[in-house]
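Number of protein chains: 2
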Amino acid sequence: MVAFVKDIWVSLAQTGLRVTALAGGVGGAKLAQGLARAVPGGDLSVVINTADDFEVYGLAISPDIDTVMYTLGGIANPATGWGIAGDTRATLDAIARYGEDPWFLLGDQDFATHILRTARLRQGQPLSTVTAHLSSALGIASHLLPMTDDRVATLVDTPEVRRDFQEYFVARQQQDTVSGIVFDGIEDASPAPGVLVALRDADMIVFCPSNPIVSIGPILAVPGIREAVAGSPAVRIGVSPLIGGKALKGPADKMLSSLGHEVSSVGVARIYAGLLDVLVIDERDRALQPEIEALGMRVIVTNTIMGDAEDRERLAREILAAAVEDRAR
Amino acid sequence: MVAFVKDIWVSLAQTGLRVTALAGGVGGAKLAQGLARAVPGGDLSVVINTADDFEVYGLAISPDIDTVMYTLGGIANPATGWGIAGDTRATLDAIARYGEDPWFLLGDQDFATHILRTARLRQGQPLSTVTAHLSSALGIASHLLPMTDDRVATLVDTPEVRRDFQEYFVARQQQDTVSGIVFDGIEDASPAPGVLVALRDADMIVFCPSNPIVSIGPILAVPGIREAVAGSPAVRIGVSPLIGGKALKGPADKMLSSLGHEVSSVGVARIYAGLLDVLVIDERDRALQPEIEALGMRVIVTNTIMGDAEDRERLAREILAAAVEDRAR
Numbered sequence: 031m032v033a034f035v036k037d038i039w040v041s042l043a044q045t046g047l048r049v050t051a052l053a054g055g056v057g058g059a060k061l062a063q064g065l066a067r068a069v070p071g072g073d074l075s076v077v078i079n080t081a082d083d084f085e086v087y088g089l090a091i092s093p094d095i096d097t098v099m100y101t102l103g104g105i106a107n108p109a110t111g112w113g114i115a116g117d118t119r120a121t122l123d124a125i126a127r128y129g130e131d132p133w134f135l136l137g138d139q140d141f142a143t144h145i146l147r148t149a150r151l152r153q154g155q156p157l158s159t160v161t162a163h164l165s166s167a168l169g170i171a172s173h174l175l176p177m178t179d180d181r182v183a184t185l186v187d188t189p190e191v192r193r194d195f196q197e198y199f200v201a202r203q204q205q206d207t208v209s210g211i212v213f214d215g216i217e218d219a220s221p222a223p224g225v226l227v228a229l230r231d232a233d234m235i236v237f238c239p240s241n242p243i244v245s246i247g248p249i250l251a252v253p254g255i256r257e258a259v260a261g262s263p264a265v266r267i268g269v270s271p272l273i274g275g276k277a278l279k280g281p282a283d284k285m286l287s288s289l290g291h292e293v294s295s296v297g298v299a300r301i302y303a304g305l306l307d308v309l310v311i312d313e314r315d316r317a318l319q320p321e322i323e324a325l326g327m328r329v330i331v332t333n334t335i336m337g338d339a340e341d342r343e344r345l346a347r348e349i350l351a352a353a354v355e356d357r358a359r
Numbered sequence: 031m032v033a034f035v036k037d038i039w040v041s042l043a044q045t046g047l048r049v050t051a052l053a054g055g056v057g058g059a060k061l062a063q064g065l066a067r068a069v070p071g072g073d074l075s076v077v078i079n080t081a082d083d084f085e086v087y088g089l090a091i092s093p094d095i096d097t098v099m100y101t102l103g104g105i106a107n108p109a110t111g112w113g114i115a116g117d118t119r120a121t122l123d124a125i126a127r128y129g130e131d132p133w134f135l136l137g138d139q140d141f142a143t144h145i146l147r148t149a150r151l152r153q154g155q156p157l158s159t160v161t162a163h164l165s166s167a168l169g170i171a172s173h174l175l176p177m178t179d180d181r182v183a184t185l186v187d188t189p190e191v192r193r194d195f196q197e198y199f200v201a202r203q204q205q206d207t208v209s210g211i212v213f214d215g216i217e218d219a220s221p222a223p224g225v226l227v228a229l230r231d232a233d234m235i236v237f238c239p240s241n242p243i244v245s246i247g248p249i250l251a252v253p254g255i256r257e258a259v260a261g262s263p264a265v266r267i268g269v270s271p272l273i274g275g276k277a278l279k280g281p282a283d284k285m286l287s288s289l290g291h292e293v294s295s296v297g298v299a300r301i302y303a304g305l306l307d308v309l310v311i312d313e314r315d316r317a318l319q320p321e322i323e324a325l326g327m328r329v330i331v332t333n334t335i336m337g338d339a340e341d342r343e344r345l346a347r348e349i350l351a352a353a354v355e356d357r358a359r
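Those protein sequences? They're chains W and P, same order as listed.
Counting from 1 along the first sequence, just add 30 to a position and that's the residue number in our numbering.
Counting from 1 along the second sequence, just add 30 to a position and that's the residue number in our numbering.
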């Protein structure tokens with residue numbers, strides 16, 4: 031059976047498997063890179079969260095797009111997962127010399143992205159067009175799609191005050207208790223061109239191991255996207271971002287807890303119930319399998335930690351094999 | 031007499047001599063720095079050409095303001111006269127990686143200036159306010175005043191075609207024959223706040239050794255400025271940018287020639303006739319003194335080459351002494 035599945039998989043990959051991934055920050059970018067390597071003859075679209083986008087020094091910053099773009103372009107900083115490898119900070123230091131607070135770390139090479147994006151947006155190009163051109167210039171064959179070309183902003187309610195997302199995430203280092211999340215502007219947002227088509231035509235939809243609340247959450251909240259996933263004939267596979275009740279990176283665990291969710295892959299499965307056919311959980315969470323299966327999804331247990339590019343491709347191949355197996359059932 | 035003049039000069043400098051300089055690029059910046067050092071207790075305003083301003087990658091670039099600002103701020107690149115000492119070019123290289131032509135050299139620290147200027151202009155601040163804040167942050171006590179807050183663009187007519195100034199100056203390295211110069215928008219421009227007051231209240235007005243056609247020319251062409259200089263009770267002293275019929279830097283000599291001017295300090299004196307009381311020329315042009323005096327201005331003959339900061343201060347002190355002497359006549 032395994033050999034048979036592998037045959038199907040090889041054949042699918044060669045004939046152009048269409049994969050659409052939903053991704054947020056670093057974890058999403060890593061799996062997206064694995065998928066891009068695992069389906070070289072195929073067609074990968076990555077729908078990326080833009081609700082973290084903001085402006086600093088008048089420049090339009092799209093942190094999640096950039097993390098995916100730098101990772102798939104092979105220039106991401108391996109130490110942080112975001113930013114560009116070997117980047118310097120002469121520009122930011124010079125900005126600080128003018129008395130500005132350099133609270134958001136931007137490297138010199140990184141600034142090039144923000145400068146060009148801002149210029150092109152101001153010329154009237156939509157973010158999806160700008161992103162397609164920038165990522166193509168970096169040699170990326172996959173389709174990087176912002177979830178929307180419209181402005182959506184994640185706002186974080188704390189017991190004291192409502193904060194902008196980057197203020198919560200970067201400036202205050204996620205120390206606030208999160209009592210609520212608002213995606214400002216989401217009701218009026220439309221999926222960017224290509225997003226609904228990529229979901230409709232996909233053989234497989236992957237929820238990357240990104241924060242379910244503030245990374246995958248806003249993507250699904252864009253009117254039309256949740257419905258497209260729910261109604262898709264594709265095999266839909268999610269990867270849990272939690273291992274042993276902890277997020278590998280970022281505040282997903284604390285945020286799930288303070289918002290009343292169970293802080294485990296079971297909690298993640300509940301959030302995605304009705305949208306996923308398969309949830310991939312880490313070996314250390316094997317005991318959670320029955321409870322997740324009771325929610326109506328298959329469970330794949332494997333090592334979900336992604337170190338280098340080979341690691342990411344290994345996980346992507348396991349996910350693809352699971353999709354083929356699911357389809358064969 | 032010399033001792034007496036020096037006494038007056040020291041006394042004036044201590045009691046707050048008000049000096050207003052008109053300046054363009056590198057030569058203007060050097061003398062402005064000399065003046066700032068020579069009148070430490072005094073009040074220096076520098077009215078700066080903005081007709082070379084342009085946009086690249088969506089950023090507002092003010093080359094002459096920046097050259098004066100970096101020079102007075104003590105951070106200018108001593109090798110070029112423009113740009114920032116020790117600056118790197120990671121951002122520009124990354125912009126080129128996205129397929130853009132890096133035709134205009136911008137350093138990483140330099141980008142900080144353009145980013146902040148652009149952001150503040152887009153917030154609605156006038157260029158004069160932005161310039162005051164940026165230069166103040168660099169510790170500059172002198173008042174750097176753009177000639178206008180309005181958009182003026184120098185256009186260069188060549189026998190074949192009309193070109194943007196930076197296209198002529200940087201991209202094509204001044205190789206075109208200049209058949210005409212247009213200051214687009216100049217009729218509708220007003221002097222920036224502070225400019226007319228600085229000219230009216232000055233004890234001394236200095237025309238720096240900048241290009242008379244495309245650096246000092248646009249400043250004088252802003253409606254109201256030529257009249258303010260012509261009617262000023264200040265001692266008005268110019269420094270010729272030509273030595274032995276050659277410009278130390280830039281295309282002033284070729285441009286004067288192709289526009290039908292005499293390519294010498296006499297030609298410069300004719301352009302400034304009626305506006306200057308004194309013209310400072312280089313020792314190598316001593317023979318031109320009678321011809322220039324016949325145009326109705328006194329002539330000071332000295333070494334006009336400015337190397338290091340001490341050199342610039344030396345020339346500035348000679349100019350100040352000449353002004354005091356002129357006033358004492």
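Simulated from the structure, these hints should not be mistaken for laboratory data.
Any given hint might turn out to be false.
Chain W regions said to be covered by chain P (calculated; three or more residues, Cβ under 8 Å) [as the list claims (entries may be wrong)]:
(1) 117-131
(2) 148-161
(3) 335-346
Over 10 Å on every C-beta distance to chain W, these chain P residues come out as not near it, computed from the model [said to hold, decoys possible]:
(4) 124
(5) 127
(6) 215
(7) 335
Computed from the model, here is a short list of chain P residues facing chain W with C-beta under 7 Å [unchecked claim]:
(8) 125
(9) 129
(10) 148
(11) 167
(12) 226
Backbone N, C-alpha and C fix where the C-beta goes; we use that ideal spot for every residue, glycine too.
Hints, one by one, checked against the model:
Note: the segment 117-131 of chain W has 12 residues with beta-carbon separation from chain P under 8 Å; the three-residue rule is met and the coverage holds. Chain P is given as covering the segment 148-161 of chain W, and this holds because 5 residues of the stretch bring a CB closer than 8 Å to a CB of that chain, at least three being needed. Taking a C-beta to C-beta cut-off of 8 Å, the segment 335-346 of chain W contributes 0 residues in contact with chain P, too few for the three needed, and the coverage statement is violated. Against chain W, the non-interface label of residue 124/P is violated: not every CB pair exceeds 10 Å, the least being about 3 Å.
At roughly 7 Å, the least C-beta separation between residue 127/P and chain W is not larger than 10 Å, which violates its mark as non-interface. Under the 10 Å C-beta cut-off, the non-interface status given to residue 215/P relative to chain W holds; the minimum distance is some 21 Å. Every beta carbon of chain W lies more than 10 Å from that of residue 335/P, the smallest distance being close to 31 Å; the non-interface claim holds. With its C-beta approaching chain W no nearer than about 4 Å, residue 125/P sits inside the 7 Å limit, and its interface hint holds.
The closest approach between the C-beta of residue 129/P and any C-beta of chain W is roughly 5 Å, which is under the 7 Å cut-off, so the hint is satisfied. Below 7 Å, beta-carbon pairs count as interface contacts, and residue 148/P has one with chain W at about 6 Å; its hint therefore holds. Because the closest C-beta pair between residue 167/P and chain W is about 5 Å apart, less than 7 Å, the hint holds. For the restraint placing residue 226/P at the interface with chain W, the shortest Cβ-Cβ distance is roughly 28 Å, beyond the 7 Å limit, so the hint is violated.
The earlier numbered hints that this structure contradicts are 3, 4, 5, 12.
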